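S.K.: Produce the entire structure from the sequences given, and follow the hints as far as they go.
There are 2 protein chains.
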Amino acid sequence: MKILITAGPTREPIDPVRYIGNRSSGLLGQALCVAAIAAGHQVTAILGPLHLAIATGVHRTDIETAEQMHAAVLSEFPKHDLLIMAAAVADFRPVRVTDHKLARTGKLLIECEATPDILSAAGRIKQPHQRTIGFSLESAGNIARSRQKLVQKNLDLIVYNPLNTLNSASIDAVLIWPDGREEPLPARSKADFATVLIGRAKALW
Amino acid sequence: MKILITAGPTREPIDPVRYIGNRSSGLLGQALCVAAIAAGHQVTAILGPLHLAIATGVHRTDIETAEQMHAAVLSEFPKHDLLIMAAAVADFRPVRVTDHKLARTGKLLIECEATPDILSAAGRIKQPHQRTIGFSLESAGNIARSRQKLVQKNLDLIVYNPLNTLNSASIDAVLIWPDGREEPLPARSKADFATVLIGRAKALW
Chain Z
46 MKILITAGPT REPIDPVRYI GNRSSGLLGQ ALCVAAIAAG HQVTAILGPL
96 HLAIATGVHR TDIETAEQMH AAVLSEFPKH DLLIMAAAVA DFRPVRVTDH
146 KLARTGKLLI ECEATPDILS AAGRIKQPHQ RTIGFSLESA GNIARSRQKL
196 VQKNLDLIVY NPLNTLNSAS IDAVLIWPDG REEPLPARSK ADFATVLIGR
246 AKALW
Chain A
46 MKILITAGPT REPIDPVRYI GNRSSGLLGQ ALCVAAIAAG HQVTAILGPL
96 HLAIATGVHR TDIETAEQMH AAVLSEFPKH DLLIMAAAVA DFRPVRVTDH
146 KLARTGKLLI ECEATPDILS AAGRIKQPHQ RTIGFSLESA GNIARSRQKL
196 VQKNLDLIVY NPLNTLNSAS IDAVLIWPDG REEPLPARSK ADFATVLIGR
246 AKALW
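Chain order of the listed sequences is Z and A.
Reminder that position 63 of the first sequence reads as 108 in this note's numbering, one-by-one numbering, no gaps.
Reminder that position 69 of the second sequence reads as 114 in this note's numbering, one-by-one numbering, no gaps.
If you're looking for bench data, these hints aren't it; they were derived computationally from the structure.
For clarity, every value in this text was computed on a predicted model and none was experimentally measured.
We treat Cβ as the ideally placed atom computed from N, Cα and C, and that holds for glycine.
Hints should not be assumed to be uniformly reliable.
Pairwise CB distance ranges, derived in the manner of DEER restraints [stated by the list, open to error]:
1. Z:Arg141 with A:Pro123: 36 to 46 Å
2. A:Ala84 with Z:Ala189: 18 to 28 Å
3. A:Trp222 with Z:His145: 51 to 61 Å
4. A:Asp144 with Z:Pro123: 50 to 60 Å
Computed far set for chain Z versus chain A, every beta-carbon distance over 10 Å [stated by the list, open to error]:
5. Met46
6. Asn67
7. Ala84
8. Ala100
9. Glu112
10. Arg141
11. Lys171
12. Gln175
13. Arg176
14. Arg192
15. Asp217
16. Val219
17. Ala232
18. Ala236
19. Thr240
20. Trp250
M.R.: Structure (structure tokens):
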């Protein structure tokens, strides 16, 4: 299988020095790359800024912003069978990026706009032979929101995971299948979770 | 000498997932710790989130926000002879931190306020036997602003460095001494720069 994996955070610049970031470590995406290579798949990874070694054999593209990840995913997805969107993409970004370092001032208003919804965009160009898996990082217990996203983004599987997954070595997830079935995967290492998810992916066809 | 060194960025939370960060890698602070230990000084480091090994023998405190760095510096500075403020402290932070993950919306306004000016606060409690060194990361050529900060923050030495120093392996700096003298230190590795700066520090008494 040819698998496209996104991982890590994105950064949305405010000025040449500051950005809006998020606490994603990329650990889950790193584990997914390892598990997919170990299972004999061809893997392309689109990576936000992270400080992790990525498995040998992965074809890697580094990006910084949600816009760059959007462009990279839409360019790569048609060449792949499966997209696993493990990156924590910024949902919003400053409308204006200042070209000089902002000085300390009394008050500052940062006006933000929504970034492109990459999974929805991939869902719209998905061909009959292709599948997409999304992650839904939600406040504890908010599985209803994950179910909504499964439908809205035209996904084949969504992984609900609570906020404490972020930047953690372990993950306590629930897989939500398109037929409505919930498959809890109680807390385990991200490496173990990744092996299970890559295994489950075959059932999507 | 007992030297207090701050290094790395700070992060200012927007919600449980997002924060305002900056591109500081902590490389310069790391190099200053190495150079100070090598010169036989006692070193305390107050570190923002970074992904670097810190020299053995350094007494280390990890913080995340500007407010936490402010508290740590004011607590530690009285026990030290010299403060070198190499951290890239956020100049502003969100006024309100949302306790749930913000959903993607059409528009979002992040209202920010100034963070405490740590160097100025240290300058105000500085005793006659103590010295403070600041860094001034400015748009290329804006040495006038570094001179202002030297006076405003009651510093004994300020290092002007242009924006491209951030997250770079090298630094192209100018030392500005209180008598107005400018000492250019053309581009060199941060390790070399750190050795020079730790050496120059003795001249501050």
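S.K.: Does each hint fit the structure? Answer for all of them.
M.R.: Hint check results:
no., hint, in the structure
1, Z:Arg141 with A:Pro123: 36 to 46 Å, "42 Å, holds"
2, A:Ala84 with Z:Ala189: 18 to 28 Å, "60 Å, violated"
3, A:Trp222 with Z:His145: 51 to 61 Å, "27 Å, violated"
4, A:Asp144 with Z:Pro123: 50 to 60 Å, "41 Å, violated"
5, Met46, "30 Å, holds"
6, Asn67, "5 Å, violated"
7, Ala84, "29 Å, holds"
8, Ala100, "19 Å, holds"
9, Glu112, "14 Å, holds"
10, Arg141, "13 Å, holds"
11, Lys171, "21 Å, holds"
12, Gln175, "24 Å, holds"
13, Arg176, "23 Å, holds"
14, Arg192, "15 Å, holds"
15, Asp217, "16 Å, holds"
16, Val219, "17 Å, holds"
17, Ala232, "19 Å, holds"
18, Ala236, "20 Å, holds"
19, Thr240, "26 Å, holds"
20, Trp250, "30 Å, holds"
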